[in-house]
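Asks: Okay, here's what each chain looks like letter by letter:
4 protein chains.
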Amino acid sequence: MSKPLDKDAIAALGIEGGWTMGLPDCVRYGDLDTYNHVNNKVYHAWFENVRVLYINHMGIQLNDVSPIKPVVRTATILFDAPMFLNEDYITLCKTSKLGRTSFTLEYAVWCDGAIRVRGDTVMVMLNDAATATVPVPDSLREVMIARDGAKTA
Amino acid sequence: MSKPLDKDAIAALGIEGGWTMGLPDCVRYGDLDTYNHVNNKVYHAWFENVRVLYINHMGIQLNDVSPIKPVVRTATILFDAPMFLNEDYITLCKTSKLGRTSFTLEYAVWCDGAIRVRGDTVMVMLNDAATATVPVPDSLREVMIARDGAKTA
Amino acid sequence: MSKPLDKDAIAALGIEGGWTMGLPDCVRYGDLDTYNHVNNKVYHAWFENVRVLYINHMGIQLNDVSPIKPVVRTATILFDAPMFLNEDYITLCKTSKLGRTSFTLEYAVWCDGAIRVRGDTVMVMLNDAATATVPVPDSLREVMIARDGAKTA
Amino acid sequence: MSKPLDKDAIAALGIEGGWTMGLPDCVRYGDLDTYNHVNNKVYHAWFENVRVLYINHMGIQLNDVSPIKPVVRTATILFDAPMFLNEDYITLCKTSKLGRTSFTLEYAVWCDGAIRVRGDTVMVMLNDAATATVPVPDSLREVMIARDGAKTA
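Protein chains in written order, with the numbering used here: chain A, 449 to 601; chain B, 449 to 601; chain C, 449 to 601; chain D, 449 to 601.
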């Protein structure tokens, strides 16, 4: 896995949509199922990998005493076209919607000039004990709106 | 993994919702992530396992010269509550909606008297070459409506 | 997954070798690779699942303040015959060798009257900080020798 | 995943051992287990990914009508030190031993100047029907000996 791409690097590749993080990779044997396609479940792993990096880059540590903890509440995925062994691709991510205590991460898998798979996850911001929702911090809201173009409700 | 449960066996356990297939299992170490929770991706594997059995029981063979091939077009999942090592659970499945060339499979993970995770996949019926949609066969439609209670559009 | 089998239950099935824990299961779609065989990596997951149960049943908690922590130092695996979708099998486990600060767990996958895959892991007993080896406790040594038939060096 | 490295590129990084293929990558969230370490099973996936590329680069197609098919007969792995999220690493591979109908692939995970995990797989060359062993072709033998330094029995 190469290093994550930022908004400018993604745009420089001619990828439209204002994506703010991208993770370049290549389809491996273990991603395939009996159809010689990338298995449906594997895209969720790709989205998870970019999500964890995205959240870390936002300054939130996931495995510690952080006072806030974003967790996945719902996930959706739409399969446009199959993927095959050794194809190069980029998993893309940005915040598309922003609520008071939640936000929506949008994902896409870009390969050979087109989007093959899209998805999103609604993230709920919890306190460290995971017992109650807490507001998305203002510093994150600003980045999500200004950089990612997140829509507020 | 025990053998799949049918509609009557599921109802006999007091599980509501008219589910027509259930797969009993137990959370394993490999299902966990760094939070000691079942990882989000793992539920997609559980849904896939019951989906493949459900489709096979419908008389459709997945890896052969079958003239029809149901593929996943979209998947959604809603996380209600976490799951932990060694918990016993049942992954439930039924057809909830039926179109001309597609149908919706609904899933739930039942554990200790409550639903922890829900989801669905829209399945599109393709011809063997996967080049065009084909109608859901009448014999399947009858079972999906009469047994599963699938709503038609 | 059914509940683990103990030594008597395993012997009652006519399985030879003095195995002391067995985990019955069934091959799922997600276990398969592009050859429609169970993928090589998957057997390591099956061994891990039974290993974690075996260690827990020995009275060692794995995710806590336990003063001892057994970790995998080496793993070997031997593939005798492939496995296929929907086959029922039992993953078997016992301690076969016992040193002062280490022990060897032996595994096998039994299916339809024969062993398909065998393996072992050398486990090293570490202190909680994982900074030094510690002796295998006497209470465990007794069970490993008397029940499992472990050979001492 | 970056493109595979060849023997010269690996040596140019100061990595000793005469490795002939290397796959650079970075530890992802999904590689971790409840200890925040890369899970033991995951190294088998890394070895598989480089093995499939290695065999393809040898001119053997794995999913087709190829007259020869190398399959894994045994696998061993030795864990020297744990790995953590976001660490960059290279999975290394070469043929270390060569028999008439089998060969041994050796693997290592190199990270931050040292080997963290080592392993090998004995590969048996089968005919397309996987019913009998066949000799390793002379063209492969030459490369394995001259380039990889494989020892013959």
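In short, the hints are calculated from the structure, not lab data.
What you are looking at is a predicted structure, and each value in this text was computed from that prediction instead of being measured.
Some hints could be false.
[As the list claims (entries may be wrong)] Derived PhoX-like pairs (lysine-lysine); straight-line CA-CA distance at most 25 angstroms:
{"hint": "1", "chain 1": "A", "residue 1": "Lys489", "chain 2": "B", "residue 2": "Lys489"}
{"hint": "2", "chain 1": "B", "residue 1": "Lys599", "chain 2": "A", "residue 2": "Lys545"}
{"hint": "3", "chain 1": "A", "residue 1": "Lys451", "chain 2": "B", "residue 2": "Lys545"}
{"hint": "4", "chain 1": "B", "residue 1": "Lys545", "chain 2": "B", "residue 2": "Lys599"}
{"hint": "5", "chain 1": "A", "residue 1": "Lys451", "chain 2": "D", "residue 2": "Lys599"}
{"hint": "6", "chain 1": "C", "residue 1": "Lys451", "chain 2": "B", "residue 2": "Lys451"}
{"hint": "7", "chain 1": "A", "residue 1": "Lys451", "chain 2": "B", "residue 2": "Lys451"}
[To be verified] DEER-style ranges, computed between Cβ atoms:
{"hint": "8", "chain 1": "C", "residue 1": "Gly597", "chain 2": "B", "residue 2": "Thr581", "range": "56 to 66 angstroms"}
{"hint": "9", "chain 1": "D", "residue 1": "Asp456", "chain 2": "A", "residue 2": "Ser587", "range": "40 to 50 angstroms"}
{"hint": "10", "chain 1": "C", "residue 1": "Pro585", "chain 2": "A", "residue 2": "Thr600", "range": "32 to 42 angstroms"}
Just so it is clear, CB atoms sit at the ideal spot from N, CA and C, and this is done for glycine as well.
Asks: Now look at each hint and say whether the structure bears it out.
Replies: So, going through the hints one by one against the coordinates:
1. Pair hint Lys489 of chain A plus Lys489 of chain B holds up; C-alpha atoms about 7 angstroms apart against a cutoff of 25 angstroms.
2. About 32 angstroms separates the Cα atoms of Lys599 of chain B and Lys545 of chain A, which puts this hinted pair outside 25 angstroms; it is violated.
3. Among the hinted pairs, Lys451 of chain A with Lys545 of chain B is inconsistent with the structure: their alpha-carbon atoms are about 43 angstroms apart, more than 25 angstroms.
4. Distance hint between Lys545 of chain B and Lys599 of chain B is fulfilled; the C-alpha atoms sit about 5 angstroms from each other, no more than 25 angstroms.
5. The hinted pair formed by Lys451 of chain A and Lys599 of chain D fails the criterion: a straight-line CA distance of about 38 angstroms is larger than 25 angstroms.
6. Between Lys451 of chain C and Lys451 of chain B the CA atoms are separated by roughly 13 angstroms; this keeps the pair inside 25 angstroms, and the hint holds.
7. For the hint pairing Lys451 of chain A with Lys451 of chain B, the CA-to-CA distance comes to about 45 angstroms; that exceeds 25 angstroms, so the pair is violated.
8. For Gly597 of chain C paired with Thr581 of chain B, a C-beta distance near 60 angstroms keeps the hint of 56 to 66 angstroms intact.
9. Judged by the Cβ atoms, the range 40 to 50 angstroms given for Asp456 of chain D and Ser587 of chain A holds: they are separated by roughly 47 angstroms.
10. Here the CB-CB span from Pro585 of chain C to Thr600 of chain A is close to 58 angstroms, at odds with the stated 32 to 42 angstroms.
Hint compliance for this structure: hints 2, 3, 5, 7 and 10 are not met, and every other hint is.
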